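Peer 1: Letter by letter, the chains look like this.
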Amino acid sequence: MIIDIFHILRDNWTLLLIGQYPNGPLGGLAVTLILSVAGLTLAFPVSVLLALGRVSPIRILRAATSAIIYTVRGVPLVMFIFWVYFFVPLLIGTTISGFTTMLVTVVLYEAAYLAEVIRAGIEGLPKGQVEASRALGMGYGQTMFKIVLPQALYNMLPAMVSQFVSTIKETSLGYVISVNELTFAANQINSTLLTKPFPVFVMLALIYFLLCSLLTQFARWLERRIAKRRTGGPRSIAAADMSTAADPVGATTAA
Amino acid sequence: MTTFTENTSIDTMISFHEVNKWYGTYHALADVNANVAKGEVVVVCGPSGSGKSTLIRTVNRLEEIQKGSIVFDGQDVHAPKLDLNRFRARVGFVFQSFNLFPHLTVLDNIVMAPVNVHRSKRSDARLRALELLERVGLETKAGAYPGQLSGGQQQRVAIARALAMDPPAMLFDEPTSALDPEMVGEVLQVMKQLARDGMTMICVTHEMGFAREVADRVWFMDQGRIVETGAPEDFFLRPQTQRAQKFLSELRAH
Amino acid sequence: MSTKLDFSVLLREDYPRLIIEGIVTMLQLTGYAWMLAMALGILLALLRMTRNRWAERAVALYVEYHQNVPMLVQIFLWYFGVPTLLPDSVQLWFNQRHSEFLFAIIAVGLCMSAYISESLRSGIRSIPASQMEAARALGLSYLRASRLVILPQALRIALPTLVSHSVLLFKNTSLAMVIGVAELTYATREIESQSFHTIETYLLTTVIYLGISLLIMAGGAFLENRYRIKTR
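Residue numbers (numbering that gives the first Met the number 0), protein chains in the order written: chain A, 0 to 254; chain B, 0 to 253; chain C, 0 to 231.
So that you can see chain A by itself, here it is in the shape it has in the complex (with noise of 0.2 angstroms):
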């Protein structure tokens, strides 16, 4: 089996790794890690409003943000994903691609997540750094961006990795939509060969394990340094919280 894998990497690592380019699309896991990675990074400021909005004193914005979260966390992806495909030709008015409407998804699906990771790292600040920077005259604005969130944010970095592992998993949905990802890329291979799909999906597994749980290793070494800088000062909660398992609480789609 293992020289049947060898065999299928050796014919199909191009597909696997760049799709059809440059006779076609770019595809398989270059476009895993770009959707991630732009999904990610696109989600970010978006999860820091909706963090601020979590944990504002006025109550209608951290309802509203509230109800935002919980409904994108208690929806599956897969429904998510139809909306998404459903609805953003309606908003924007032209059809788009599924790379487009698998992007959309992941940056909203994400924001949701990564709000909550960034709300635990902001709760699990001592709240002496509150007072202490209110005591000097800092307002609530300066107090959150120049206090509040540099520290939450470094803290939650090896939980804000684990987000990363989970958005790499959720691109594999891609698939649904027939966007030209990894999981994609891997099933038009089975489709060609047909008589060996125990191997194809094995390697398949394989190249997401050695990704991501290289990934994972990284975000607890992470975890290690920032921990060991803090000694004097409580961890954060939620990096507590992730060391338990790769992925905060529920932040993760596992698919």
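Among the hints, erroneous ones may be present.
[Claimed, not checked] Stretch-level coverage of chain B by chain C, calculated; a stretch enters the list once three of its residues show a Cβ under 8 angstroms from a Cβ in chain C: (1) 33-46; (2) 88-99; (3) 135-147.
Hints in this document: simulated from the structure, not taken from any laboratory.
All values derive from a computational prediction rather than experimental measurement.
By construction, the Cβ of each residue, glycine as well, lies at the ideal position given by its N, Cα and C atoms.
Model the placement of chains B and C on the given structure of chain A, informed by the hints.
Peer 2: Leaving out everything else, chains B and C in the frame of chain A:
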């Protein structure tokens, strides 16, 4: 006396013979030889790191020794065919941090071991548990949870829990060290009554008042050895060794 | 594009049947997968507690695999890949029944068991060693102490995470549609492609998913309250 040997008689409840323990290269217990007679109350004291807690923890093998032997109520603690669980049930042990089971009520805490180790019937165990709670003054707290009790109350429940197994002897590992000062008294009260009722006890404690009142002997330990022993009045008024004198003077200074 | 929402569309033809069957299948998937995941999760956590090096490594690998490989890929591997390993007679048997239902349960159940075992493991780790010591000092065997003292406390501590994983498991059943299991999302697509009333169908499904998710979370909150370790 700086060294001693005692005759082991049929009345001996616990005996340590040439007990040695190392943590790596650190010699935690060194050539400990001592006996506790039935009904005797022994207080073990000494500076921190002297091995006092380690010593009593070797009796029910919460700590293992590398050399020597320990006999408890006629049973060689390291006998190869020993049913360790049943044996441990016969050694009453009270921890410094009480270690009650927070998810069970006080009554269930006490009933846990008799039901699960001795296979007593639950109804019998409950009756006995209520008796013991009365003995330690907490019959009203049977349905409460440990988290709802004060430290002193928790420790008294812990004592009742250990007594539920009808042990021939009880070991106390700094039972009052984790308590706020105002609760120390209620726990010592229970322990004093136990002593008066004839229980064989080894207590690692700093409570010298307790030692003076009920202890038959004091063992002073330093650096893993029993350096001095004697009756409480003798030990406290006329410590023989330099190390004991130093320890007592530092204790009084507080 | 009409702006009027007409939910009565959903009552036509055999749409109600499709929807209800979809819901039933979804709940069945969730139920069986959850039981599998919990049973395995507890087993794995206990295995890890034995401090046997090989057991620890095996469980660690199991967890790493299931947490780092996408759920969809796991489903593919089970549904497309595993049957080819089995003898032909067994494969035939599978093809005659709806094996996709079975494999979906296995895939989701196994994946979530990894997460559950991690939750339990961290719950167990957060219990001070003195609890085990006290239990052993009373004469309880390692197994009894684990079962009566450690695990009950670990479950209580891990409850919030376990509830969250349960919601995740529930949502993940939607992926079964990719291999043709006729659960709710599958039914939704069917109805939508036939009736062209996308918004109504999607809305209904979304509300159902949201509703059940919230129900699970509410159930979890109730359990948390009931079994909370009481303090002053």
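Peer 1: Between the region 135-147 of chain B and chain C, see if three or more residues pass the 8 angstroms beta-carbon test, and mark the coverage as holds or violated.
Peer 2: This one holds; 3 residues, not fewer than the three required, reach chain C with a Cβ under 8 angstroms.
Peer 1: Counting residues of the region 33-46 of chain B whose CB is closer than 8 angstroms to a CB in chain C, do you get three or more?
Peer 2: Violated - the region 33-46 of chain B has 0 residues with a Cβ nearer than 8 angstroms to chain C, which falls short of three.
Peer 1: Tell me whether the statement that chain C covers the region 88-99 of chain B is true, taking a Cβ distance below 8 angstroms and needing three residues at minimum.
Peer 2: holds (count 8)
Of the numbered hints given earlier, the model fails hint 1 alone.
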